[in-house]
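A.B. asks: Sequence:
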Amino acid sequence: MEMDGFESKHDIIILAATNRPDVLDAALLRPGRFDRQVVVDAPDVRGREMILKIHARKKPLDPTVDLAVLAQRTPGMVGADLENLLNEAALLTARDGRSRITMHDLDEAADRVLMGPARKSRLVPEHDKKVTAYHEVGHALVAQLLPHADRVHKLTVVPRGRAAGYMLPLPTDRIHYSREVLEDTIAVALAGQAAEEVTFGEITTGAQNDFQKATNIARKMVTEWGMSQKLGKVAYNNENETFLGGFTERSPYSQIIAQTIDDEVKLIIDTQYLRVKHLLSEHLGVVHRIVGELLVRETLTGDEFQKLLSGGQLDPLPPATPKLA
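Residue 661 is where the sequence shown starts when you use my numbering, and the numbers rise one by one after that.
Hints should not be assumed to be uniformly reliable.
[As the list claims (entries may be wrong)] When the alpha-carbon atoms are kept at most 25 Å apart in a straight line, the in silico BS3-like pairs for lysine-lysine are as follows:
1. K873 - K926
2. K937 - K926
3. K893 - K880
4. K937 - K790
[Stated by the list, open to error] The following label-pair restraints were derived from C-beta to C-beta distances:
5. R717 - E857: 24 to 34 Å
6. A687 - V773: 50 to 60 Å
7. P720 - I917: 27 to 37 Å
8. G692 - I917: 51 to 61 Å
9. V683 - R717: 30 to 40 Å
10. D756 - I917: 54 to 64 Å
What the hints contain is simulated information worked out from the structure, not anything from laboratory work. Note that the coordinates shown come from a computational prediction; the quantities given were computed from them, not determined experimentally. By construction, the Cβ of each residue, glycine as well, lies at the ideal position given by its N, Cα and C atoms.
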């Protein structure tokens, strides 16, 4: 490969794009080849709001729609995702025979893009639905009580995709994460199973993704971010290599260090799990009350959840429309 061998009179510029720069052969990045690198990150909350405004220009939005809120709840989405979200909302509006896209349509579209369509026809055993409700309220309550956790946007026991229910936060775009923020994030992830244990005295398999998320954060705290007192300010992440098209990973530290890393990760997880169990036990009456409302309504908005948490009452549900025979 000799990309710098072109003569200037040809006016040829070579561009390439990749989502995995970590697996590129170093020879590709030498001077005279791809030596100028431009990183294009996913847009931040302000960028997402601007993208949404562009794609919403020809969409009939209801005056109550707040694109800033929608931008806040769509972290990680790029332009194509946001365009797809607005198109999905327009389809939902058309199916209902309405002329304007509401915030509810946009929320539903975001849920479809992130989690898949709702599976309301799926028959969920009553006990499983109750376990899911306690699990999601556990996430939401801890998120709302801890000072460095993201606030609650919505929680539901309506199945979507492979999830029996979920709690959606309003994530904050951050550049730097303190130890307190990371510990609170781990605590929120662990709170679902902790709520199950505090309430039923047993745990279920519903927390698999939660524990994966918590473990990943804790391991990075120990191995990459210097947040372990035992290991100090040393990076212990594995070294990745690409050779003849293959991807290999090797550990640059001893088995003793590896065991210490595992012990430190476990200590972080165990500490936060005990923390949230204590917090949920202190507020168990509130948990029961919110779960009762969630089981009746199936979905609670962040405002409704906050009102219940503060001791308020929600407006009665409208009477069900009778089905024609």
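A.B. asks: Decide, hint by hint, whether the structure agrees.
C.D. replies: Do the hints match the structure? See the list:
| no. | hint | result |
| --- | --- | --- |
| 1 | K873 - K926 | holds (13 Å) |
| 2 | K937 - K926 | holds (16 Å) |
| 3 | K893 - K880 | holds (12 Å) |
| 4 | K937 - K790 | holds (18 Å) |
| 5 | R717 - E857: 24 to 34 Å | violated (50 Å) |
| 6 | A687 - V773: 50 to 60 Å | violated (39 Å) |
| 7 | P720 - I917: 27 to 37 Å | violated (60 Å) |
| 8 | G692 - I917: 51 to 61 Å | violated (40 Å) |
| 9 | V683 - R717: 30 to 40 Å | holds (39 Å) |
| 10 | D756 - I917: 54 to 64 Å | holds (59 Å) |
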